[in-house]
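**Student:** Sequence:
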Amino acid sequence: MAQFDHPSQIPPSDAIEPDHSLHASTDNWFEYGIRVYPHHTDYMGVVWHGTYIHWLEEARIEYLRSLGLDYSELVALGCDLPVVDLSLRYHSPLRLGNDAIIRTRMNEMSGVRMHWDYQVQSLDRETKYLTAQVTLVAVDREQGKIMRSLPPTVKDILVKLQN
456 MAQFDHPSQI PPSDAIEPDH SLHASTDNWF EYGIRVYPHH TDYMGVVWHG
506 TYIHWLEEAR IEYLRSLGLD YSELVALGCD LPVVDLSLRY HSPLRLGNDA
556 IIRTRMNEMS GVRMHWDYQV QSLDRETKYL TAQVTLVAVD REQGKIMRSL
606 PPTVKDILVK LQN
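Numbering (our numbering), first residue to last: 456 to 618.
Please keep in mind that the hints were generated in silico from the structure rather than gathered at the bench. Among the hints, a few may not be true.
Per label pair, the in silico range of CB-to-CB distance [to be verified]:
| hint | residue 1 | residue 2 | range |
| --- | --- | --- | --- |
| 1 | 508 | 614 | 22 to 28 Å |
| 2 | 505 | 566 | 28 to 34 Å |
| 3 | 568 | 508 | 16 to 22 Å |
| 4 | 551 | 600 | 15 to 21 Å |
| 5 | 611 | 513 | 38 to 44 Å |
| 6 | 603 | 528 | 18 to 24 Å |
| 7 | 592 | 525 | 18 to 24 Å |
| 8 | 554 | 521 | 16 to 22 Å |
| 9 | 530 | 614 | 16 to 22 Å |
| 10 | 542 | 521 | 22 to 28 Å |
| 11 | 488 | 526 | 28 to 34 Å |
| 12 | 545 | 600 | 33 to 39 Å |
Cut-off 20 Å, straight-line C-alpha distance, at most; resulting in silico cross-link-like pairs (DMTMM-like, lysine to aspartate or glutamate) [what the hints assert, rightly or not]:
| hint | residue 1 | residue 2 |
| --- | --- | --- |
| 13 | 615 | 563 |
| 14 | 610 | 595 |
| 15 | 610 | 497 |
| 16 | 610 | 535 |
| 17 | 610 | 525 |
| 18 | 615 | 528 |
| 19 | 615 | 554 |
| 20 | 615 | 497 |
| 21 | 583 | 572 |
| 22 | 600 | 535 |
| 23 | 615 | 525 |
Here the structure is a predicted model, which is why all the values come from computation and not from measurement. Every residue, glycine too, gets a C-beta built ideally from N, C-alpha and C.
Can you make the complete structure from the sequences, with help from the hints?
**Tutor:** Here it is, written out as structure tokens:
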């Protein structure tokens, strides 16, 4: 930490690096920072479409983890949350070397079906790269069938997202 002898030596606030660590915002959006590396792109340096799907899942899993639900615990309970519906809308190309924020929230839960919204934006929020909707359904891992209800600990955490 730098020490400053005089107030005029303090750097301006726009020189301070923002902290892009994981956090949930007050409007139930969770923000997950990403950086575009070469393996995320096609030969033109534009993010390959399949990369977004990985990022959406990472953001969702980190959101749940931040609320106290580790995905490995979900698996240990015999529950899986496969994607049953996926919709992506590309707005602007995200390119090699760019940083971005993936915002996610669960907008609705009906029984064992969960509907999630996503926005991929520039750090300054000026550019929208992608919007998406994903629907998950709880499945019993052993039987491979849709569950009648969520395990109580999982349901309690997901209900918090809706409040």
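**Student:** Can you give the numbers of the hints that this structure goes against, from lowest to highest?
**Tutor:** Those not satisfied are hints 4, 5, 11, 15, 19, 20.
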